[in-house]
Amino acid sequence: MTGAGFDARAVRADVPILAEADAAGRPLAYLDSAATSQKPAAVLAAMDAYYREANANVHRGVYALAAEATERFEAGRASVARLVGSRPEATVFAKNASEAVNVVAYAWGLRNLRAGDVVVVTEMEHHSNIVPWQIVAGLTGARVEFVPVVDDGVLDLAVLERLLATEPVRMVGVVHVSNVLGTINPVAAITRMARDAGALSLVDASQSVPHMPVVFDDVGADFMVFTGHKMLGPTGIGVLAARRDALDAMEPFLGGGEMIRDVRTDGSTWADIPHRFEAGTPPIAEAVGIGAAAEYLMALGMENVRAHETALTGRVLDVLGAVEGIAVYGPRDVARRGSPVSFSLPDIHPHDLAQLVDRDGVCVRAGHHCAKPLMRSLGVPATTRASAYVYTTPDDVDRLGAAIASARAFMGVA
Amino acid sequence: MMPGIEDLYQEIILTHYKAPKHRGTLADPTVSVTQNNPMCGDEIRVDVRLEDGRIADLAHSGQGCSISQSAASMMSEQMVGRTPGEALESIEAFRRVMHGDPAPDDVELGDAEALSGVARFPARVKCALLAWMALKDALQSVDDPKEATGGRSD
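Residue numbers (numbering that gives the first Met the number 0), protein chains in the order written: chain A, 0 to 413; chain B, 0 to 153.
No lab work stands behind these hints, which were simulated from the structure alone.
Glycine included, every Cβ here is placed at the ideal spot set by N, Cα and C.
Hints should not be assumed to be uniformly reliable.
The calculated label-pair distances, taken between Cβ atoms and stated as ranges, are [what the hints assert, rightly or not]:
no., chain 1, residue 1, chain 2, residue 2, range
1, B, Arg95, A, Gly360, 29 to 37 Å
2, B, His98, A, Asp397, 33 to 41 Å
3, A, Ala408, B, Gly109, 23 to 31 Å
4, B, Glu91, A, Thr234, 33 to 41 Å
Partial pick of chain A residues on the chain B-facing surface, computed with a CB cut under 8 Å [unchecked claim]:
no., residue
5, Arg331
6, His350
7, Asp351
8, Gly366
9, Lys371
10, Pro380
Partial selection, computed: residues in chain A whose CB lies under 7 Å from chain B [said to hold, decoys possible]:
no., residue
11, His348
12, Arg358
13, His367
14, Met374
15, Ala381
Only chain A is shown next, with the shape it has when bound in the complex (with noise of 0.2 Å):
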């Protein structure tokens, strides 16, 4: 039922936090990993070296140690970059996929939206690609312009056309897997229809990349963000892929050390890229453990990745539409969709559920999933999540449907 040669039981033993709660008899069905990853323990002990090891500030230093930390930092880089086919001189990191998106925003946004302009994002957008625009468009007098989201979770792309026909679009921001109803969006076309309308295009892949095959070039944007904590990855660390010259074009966003050529008191010159981005002491050990994190899940093969979670998501489909009177938001066909399945019971609040199932051990998210906008256009203040990863097991969904039915059991609705 998975891909050939992976083993996500293989992978929970790789992953501490998994692995001790298995070995302690109180097992995690951890299915909420659109929210966080969990980490295996190469990509801890990777981070734990470059301190024990190889810790001194990046670039510029002369000594061997500093050598040693700046070839540890870029080739976490390179890693990265590899996983996604980027250049590695056009790869950023930044904190965050949120704090990608706003180096974009305000490195080319401030300088290049003039009033009447139009940024066009989409209504099942993360707030990370739709606050940043909102401010920008403020600071400039542009429009952000939504694209709706019709049938089983899909985007009206005939909207998305008659913007790009009609009003002058600078800016396409759309996400590649929704994170809350899981939709796979066609975002090659989408970058192309941008394209071809002179406007720059911006995917959010956050929950992409870590899933399943991405390529740069395949996806057709000028940038592309994703974070490391959702691949297997440390927080603090996030990552702005682009075109060499989009990016070459760009002005920094913050300023300060590390991002300049030269300081003179009557002003600035910057650096060249990607290093004119990433403005003071940049996320050492954090650079370190995402790139351990793009190599643990190159060995695994991001197609195995993809057959393993389209195979589980197909059985946390049939799970909750066992389940009476459920709701179950997204694509039916898994071939369609990431792994992020939202769910709404008739009779049971998303955060009552979400407490009551967490008395099995089983973690899904409750809330609004930083997508209020598309809660509204679903009509619904919150959805309950379960995501799947690589170490999540088929006993892992198994275990969410009886603690769904337990929890129905306990509000005394079953």
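Go by the hints and put chain B onto chain A.
Just chain B now, kept in the frame of chain A:
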């Protein structure tokens, strides 16, 4: 030791959740306040009618989990008939209980005392406080004549 689920979901809480008291809206509220819980997106509206310096009637509407809905029901039941000053005193006592302090002896919280277990589930404290903070907001806005005219919602 992890708190048990029984500390959170006591029988009386589920009873209020399934058959909430004072659920709905008032036709002629003196003041009406809407509050939301940014964490979960839940929203509650509290309508208050004041007569002769007392809370003559109170209603709550909106969406929420068992904790926020039962807390609204328990609060409404307790507060009808009280002066705004007495009500604000109870609200403050309840807020302190939600943050783990013991209930003061001289303040009657009624069924809401069953919510004391929520203090051990930090993620749910906001749920329990939602309606109570809405009422506090409503009563304080009536105290301020500029705010009281025509009610308000925020």
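Original post:
Does the Cβ-Cβ separation between B/Glu91 and A/Thr234 fall within 33 to 41 Å?
Top reply: Between B/Glu91 and A/Thr234, where Cβ atoms are some 37 Å apart, the hint holds.
**OP:** Please test the hint of 23 to 31 Å on the beta carbon pair from A/Ala408 and B/Gly109.
**Re:** Distance hint for A/Ala408, B/Gly109 holds at roughly 29 Å.
Subject >> Agreement of hint A/Gly366 with chain B interface, Cβ distance less than 8 Å >> reply: 5 Å, holds
Original post:
Would the stated hint for A/Asp351 survive a check requiring a Cβ distance to chain B of less than 8 Å?
Top reply: OK, holds: A/Asp351 within 8 Å of chain B, min 5 Å.
Subject >> Hint check: 7 Å Cβ-Cβ cutoff, A/Arg358 to chain B >> reply: Since chain B brings a Cβ to about 5 Å from A/Arg358, closer than 7 Å, the hint holds.
**OP:** Classify the hint on A/Met374 as holds or violated, based on whether any CB of chain B lies nearer than 7 Å to its CB.
**Re:** 6 Å, holds
**OP:** Evaluate the given range 29 to 37 Å for the C-beta pair formed by B/Arg95 and A/Gly360.
**Re:** Taking Cβ atoms as reference, B/Arg95 and A/Gly360 lie about 33 Å apart, which means the hint holds.
Original post:
Can the suggested window of 33 to 41 Å be confirmed for the beta-carbon pair B/His98 and A/Asp397?
Top reply: With a Cβ separation near 39 Å, B/His98 and A/Asp397 satisfy 33 to 41 Å, so the hint holds.
Original post:
Taking the least C-beta to C-beta distance, is A/His367 closer than 7 Å to chain B?
Top reply: 4 Å, holds
Subject >> Supplied contact hint for A/His350, tested at 8 Å Cβ to chain B >> reply: Holds - the Cβ of A/His350 comes within 8 Å of chain B, reaching about 4 Å at its closest.
**OP:** Using Cβ atoms only, decide whether A/His348 comes closer than 7 Å to chain B, and label the hint accordingly.
**Re:** Holds. Min distance 4 Å.
**OP:** Answer holds if the nearest beta-carbon of chain B is closer than 7 Å to that of A/Ala381; otherwise answer violated.
**Re:** 5 Å, holds
Taken one by one, the earlier hints fail for this structure only at number 5.
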